[in-house]
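The listed protein sequences derive, respectively, from chains G and W. Counting the first sequence from 1 gives a position; the numbering used here is that position plus 8. Counting the second sequence from 1 gives a position; the numbering used here is that position plus 8.
Derived by calculation from the structure, the hints in this document are not laboratory data. Among the hints, erroneous ones may be present.
Since copy identity is lost for identical chains, a pair holds within one copy or between any two.
Derived lysine to aspartate or glutamate pairs resembling DMTMM-like cross-links, with alpha carbons at most 20 Å apart [stated by the list, open to error]: (1) Lys64 <-> Glu10; (2) Lys67 <-> Asp96; (3) Lys146 <-> Glu89; (4) Lys64 <-> Glu79; (5) Lys212 <-> Glu104; (6) Lys54 <-> Glu18; (7) Lys43 <-> Asp96; (8) Lys43 <-> Asp58; (9) Lys134 <-> Glu18; (10) Lys146 <-> Asp96.
Protein chains: 2
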Amino acid sequence: MEFSSKLLEEAVNEMSQLPGIGRRTALRLVLHLLKQPESQTVALSKSLVDLKTEVKFCKNCHNISDTELCEICANKSRQSEIVCVVEDIRDVMAIENTSQYRGLYHVLGGKINPMEGVGPSQLTIKSLVDKARSGEVKEIIFALSSTLEGDTTNFYIFKQLEGLDIRTSTIARGISVGDELEYADEVTLGRSITNRIPFENSLKS
Amino acid sequence: MEFSSKLLEEAVNEMSQLPGIGRRTALRLVLHLLKQPESQTVALSKSLVDLKTEVKFCKNCHNISDTELCEICANKSRQSEIVCVVEDIRDVMAIENTSQYRGLYHVLGGKINPMEGVGPSQLTIKSLVDKARSGEVKEIIFALSSTLEGDTTNFYIFKQLEGLDIRTSTIARGISVGDELEYADEVTLGRSITNRIPFENSLKS
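Here chain G stands alone, though its shape is the one from the complex (with noise of 0.2 Å):
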């Protein structure tokens, strides 16, 4: 793509570095912003800007923050001795959303890595360990994806609390509500069946 412009093309190369945008949706978005009044060009540059530089990290649970404690953690109403594992805020939105779960989280900042270059240190897990040896936390609820990496950082935080008087379970897994079973995955439903429930226990929620 060739640009009379170098001003478009250095916005059009900046663009294109976000996830899942390519050359010619950056491009669209640039000229869309070009027809747009100059203030929604700015609000969006300053948000932008704003949130990287002055972002916090809750100093409990690693959870993004406009305050050194999340309002979660300083909820006094909340269950601080069970703690749920999660990579990142959006996961702690989506479990907030169901309104089932009242301790406190701690946000890993991704999952180990190996293969983009993403190890322990760089993950809050040190945190984690330090808070549950601190003896005030009872259960630790792994909350990762399933994936590779998330059941390695599963494991390795699980050998990391070895010794420690803490239960450690991990979210169910299990048929989606309203999904057909023919359509599931054989993986899914053999775990669905292995780890199946009282039936009474079903009807709670």
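Fit chain W to the known structure of chain G by using the hints.
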């Protein structure tokens, strides 16, 4: 979606105003930027604001340009008596990529679209008609997309040019090279038969 941070919410709101970017995608993009070095966010923001505030439009063809006269208009070896009317810079780039056209362009900046409040005065139609009246132009090629809006715009300009000694033409509509006849729509196939060309002409390129 409830966010744990106002800064994050603001960034997602602004990002999701871009066309085709929903709130989930916006969150994904913003979280990606948060993981990257600060320089990337700053570069993206700066390039967008720079483009918006410093962009120039060629005074002859109204294409985006860094200089008063764009490279194409400033190129003496191009045929300045032929002008191809296009909607925006993407069409210029697409036609330039074919290397088949040696005339100049006229970028309208849109199409007449009453539903979206775009009338002839918001486009660069007056400038085109002035150019035509000056006597420098011998042929005007309409290369707008053949939608209701494109056809309306073509016809509006065509009426404005009445009485002037200017040849008007429109790019050929027909079956795409490599396409199967059976899948072509009837209008296109019909036009490709009505506007058939001497066989020897098709051997040229």
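Consistency of the hints with the structure:
no.: 1; hint: Lys64 <-> Glu10; verdict: between (40 Å within a copy, 17 Å between copies)
no.: 2; hint: Lys67 <-> Asp96; verdict: within (15 Å within a copy, 50 Å between copies)
no.: 3; hint: Lys146 <-> Glu89; verdict: within (5 Å within a copy, 82 Å between copies)
no.: 4; hint: Lys64 <-> Glu79; verdict: within (13 Å within a copy, 47 Å between copies)
no.: 5; hint: Lys212 <-> Glu104; verdict: within (19 Å within a copy, 65 Å between copies)
no.: 6; hint: Lys54 <-> Glu18; verdict: both (18 Å within a copy, 10 Å between copies)
no.: 7; hint: Lys43 <-> Asp96; verdict: between (35 Å within a copy, 11 Å between copies)
no.: 8; hint: Lys43 <-> Asp58; verdict: between (24 Å within a copy, 14 Å between copies)
no.: 9; hint: Lys134 <-> Glu18; verdict: neither (40 Å within a copy, 31 Å between copies)
no.: 10; hint: Lys146 <-> Asp96; verdict: neither (22 Å within a copy, 62 Å between copies)
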